[in-house]
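Novice: This is what each chain is made of:
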Amino acid sequence: MSAAIEAGVWRAPRWLKQHETLLAIILIIALVSLGAFNNRFLTVENLLDQGRFITETGLIALPMTFVIITGGIDLSVGAIVGLCAIMLGYSWKTFGFPLPLAIIFALFVGAVAGFVNGYVITRVRVPPLIMTIATLALYRGLAEGVSQAHSVRGYPDWFYFLGQGSVFGVPTQLLLLAALIVVAGVALDRTTFGRALYAVGANETAARFSALPVDRVKLIVYTLSGLASGLAAWVLVSRVTTTRMDMGIGYELDVIAAVVLGGASIFGGSGTIWGTVIGLVMIQLLKNGLALTGVKGDATIVVIGVALILSVLIASSLQRRRD
Amino acid sequence: MSATVAVSAASPFSGAWRRLASQEALLAVAIIGLAIVVGLINPRFLAARNLSDILLGNAYIAIAAVGMSMVIISGNIDISVGALIGVLATVSGSLAVAGAPILVSWVVPLVLGVAVMAAQGAIVAYLRIPAIVVTLGMLSILKGGLISVTGGKWITDLPQNFHLADLSLLGVPMPVVIMVLATALAALWMRHSPRGRAIYATGGNPEAARLCGVDPRRTVLMVFALHGFFAGLASLVYATQLRVIQSTTPQGLELTIITAAVVGGVSILGGVGTVVGSTLAAILIAEITSALVFINVSPYWTDAVRGALILATVIADILRRQRRAARGWKR
Chain V
1 MSAAIEAGVW RAPRWLKQHE TLLAIILIIA LVSLGAFNNR FLTVENLLDQ GRFITETGLI
61 ALPMTFVIIT GGIDLSVGAI VGLCAIMLGY SWKTFGFPLP LAIIFALFVG AVAGFVNGYV
121 ITRVRVPPLI MTIATLALYR GLAEGVSQAH SVRGYPDWFY FLGQGSVFGV PTQLLLLAAL
181 IVVAGVALDR TTFGRALYAV GANETAARFS ALPVDRVKLI VYTLSGLASG LAAWVLVSRV
241 TTTRMDMGIG YELDVIAAVV LGGASIFGGS GTIWGTVIGL VMIQLLKNGL ALTGVKGDAT
301 IVVIGVALIL SVLIASSLQR RRD
Chain L
1 MSATVAVSAA SPFSGAWRRL ASQEALLAVA IIGLAIVVGL INPRFLAARN LSDILLGNAY
61 IAIAAVGMSM VIISGNIDIS VGALIGVLAT VSGSLAVAGA PILVSWVVPL VLGVAVMAAQ
121 GAIVAYLRIP AIVVTLGMLS ILKGGLISVT GGKWITDLPQ NFHLADLSLL GVPMPVVIMV
181 LATALAALWM RHSPRGRAIY ATGGNPEAAR LCGVDPRRTV LMVFALHGFF AGLASLVYAT
241 QLRVIQSTTP QGLELTIITA AVVGGVSILG GVGTVVGSTL AAILIAEITS ALVFINVSPY
301 WTDAVRGALI LATVIADILR RQRRAARGWK R
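Protein sequences appear in the order of chains V and L. To convert, note that position 244 of the first sequence is 244 in the numbering used here; the numbers rise steadily by one, no gaps. To convert, note that position 74 of the second sequence is 74 in the numbering used here; the numbers rise steadily by one, no gaps.
No lab work stands behind these hints, which were simulated from the structure alone. Keep in mind that a hint or two might mislead.
A short list of chain V residues far from chain L (calculated; beta carbon distances all over 12 Å) [unchecked claim]: (1) Gly51; (2) Thr242; (3) Thr293; (4) Ile304; (5) Val312.
Here are some chain V residues pointing at chain L (derived, C-beta under 8 Å) [to be verified]: (6) Val126; (7) Ala134; (8) Ala149; (9) Asp157; (10) Ala299.
With beta-carbon atoms standing in for the labels, derived distance ranges [said to hold, decoys possible]: (11) L:Val172 to V:Leu313: 44 to 50 Å; (12) L:Trp154 to V:Gln148: 23 to 29 Å; (13) L:Leu46 to V:Thr293: 55 to 61 Å.
Ideal placement from N, C-alpha and C gives every residue a C-beta, glycine not left out.
Here chain V stands alone, though its shape is the one from the complex:
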């Protein structure tokens, strides 16, 4: 028994590494073959342009990786994006906040929404899946109620810099995402907080007995998830120049697909930021590459669904063979 556990400890990281290299190889093959089909695909402009579309889901995918590593899940992120977008637009237009304050307010609302998730999950012990399904309905409903389904537009020009501008030819929001990827990667890999996430996800009881602040770790992780969703809402509003209450519908699927595709186990205890980033890039380039080769937008959702199920199937069968 103890030998098996030891073997698991020794093997898991190697398998993880393999999963990501495997994914990277598939990504390169997909890139090259899609590029061969269409000469507009493998161009610097197109790839940078795709970076704009990655950012919103990418920002949420980072804390979602944390959440999934702790063995939880957050289905309410798309609804939080909608709520924050509405809060940004309404606090500015209707309540008369200055725009910078409105942005901070929207981020604050996102963090509070995530905190509420985390608080009930840790204190009342509602399973994360159910809690976030419930708040998915609640937050989207609040966005609907506050906005009465009206949209807000007409933001000042400087506001669009984040979503449409570029710095040295690189889309602004992509730089933001890149910076946060590094922060999240370091936090997960090199800090006690990051290591605590793995401990909580691998064996919560053991983590508690090891005096890890399990509940606080979870609370932080869900709050971060809400905050990142608020950030994504800001980027999204800035990119599409308008605020609507149906913003972010279905984001949870894209985000979770990216994280799971990137090798994080839905049972918790494993996953890396690098894997998530590769998963993200893979999904976006698959969407874009397929679109450029003439596949309609909705059919690409099918491909994501298939990719999600297949990647988990392959990963689990590889792991089982190792066990």
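Since the structure of chain V is already known, use the hints to place chain L on it.
Specialist: For chain L alone, kept in the frame of chain V given last:
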């Protein structure tokens, strides 16, 4: 309050008390109480027309919630059911318009529903992939597939005899007949048959179930297949009520169905719940949505109120369970 409950639990009336405090009884009281209160504020709410609209328009949710309850009791979850109902309704309508025999357009969705769900159940049970991942993937496959195949076109000119939901049996409209039959049969089967009990055993503790001679994997597969059957039935009631079938997936339908199951007392942790509860909950939720209109709440706030209601129910349910567990432990 909790002291009274504790005392009464120990008294000879404990059985009666417990039955009175059961989720099903509470829901029934809530349904009647809400009707009286809203009826006092706005008598038009109690018009026979409105009450039957509430029942007829939401019977399909209750029917789908029967299957969902089984899935959740077995310790799994399915978030693809809303998309599946949309797909099956479209298939059924397209067949009818294309001139297939009406019976075929009624039976095909049932068969297709069982096939899709059984496939998911097989992946969950035998390949041990979590249901959340499988059904999340299937959700996007069904959703994307439906829109890209149909282009979101509306199906019109449905033949007159396609509308199963317009028929009635002994004066009772068909959707209600199907809802009551599905609930009653499923409830009896789950309570009294070995296979029905196996669902509770599997959800409560798969390892213990296996040691008792129940095959948890086969049970999960069976539950998903049954869930597919009820989803097919729900799509039939849903599609045959409409004059125009919009070939898209109903937004957030899976959420409403899961809510009905959870509000109905099905524990999300598996092993506990009844389909009578989920059907009553589906009726209560529909009643609340309708009541909000009659007491002049803006329809834009409906979703927020519903979300708050789900949240309150879930939290209350978990707290009650914890209290009960703590009491049992003390004894």
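Novice: Each hint needs a verdict: does it hold in this structure or not?
Specialist: Checked hints:
No beta-carbon of chain L comes within 12 Å of the beta-carbon of glycine 51 of chain V; the shortest separation is about 23 Å. No beta-carbon of chain L is positioned within 12 Å of the beta-carbon of threonine 242 of chain V; the least distance is around 18 Å. At roughly 14 Å from the closest C-beta of chain L, the C-beta of threonine 293 of chain V stays outside 12 Å, upholding its exclusion from the interface. Not every CB of chain L is more than 12 Å from the CB of isoleucine 304 of chain V (nearest about 6 Å), against its label as outside the interface.
The claim that valine 312 of chain V is not at the interface with chain L is violated, since a C-beta of that chain comes within 12 Å of its own (minimum 5 Å). Taking 8 Å as the C-beta cut-off, the interface hint given for valine 126 of chain V holds, the closest approach to chain L being about 5 Å. A cut of 8 Å between beta carbons decides the hint on alanine 134 of chain V: the least distance to chain L is about 4 Å, and the hint holds. With a cut of 8 Å, the hint placing alanine 149 of chain V at the interface with chain L holds, because the nearest CB-to-CB distance is about 6 Å.
The interface hint given for aspartate 157 of chain V is violated, since its Cβ lies 31 Å from the closest Cβ of chain L, which is over the 8 Å cut-off. The beta carbon of alanine 299 of chain V comes within 4 Å of a beta carbon in chain L, closer than 8 Å, and the hint placing it at the interface holds. Checking the proposed 44 to 50 Å range against valine 172 of chain L and leucine 313 of chain V shows it holds: the Cβ atoms sit about 46 Å from each other. Evaluation of the 23 to 29 Å hint for tryptophan 154 of chain L and glutamine 148 of chain V yields a pass: the beta carbon distance comes to about 27 Å.
About 59 Å separates the C-beta atoms of leucine 46 of chain L and threonine 293 of chain V, a value consistent with the hinted range of 55 to 61 Å.
This entry does not satisfy hints 4, 5 and 9, going by the numbered hints stated previously.
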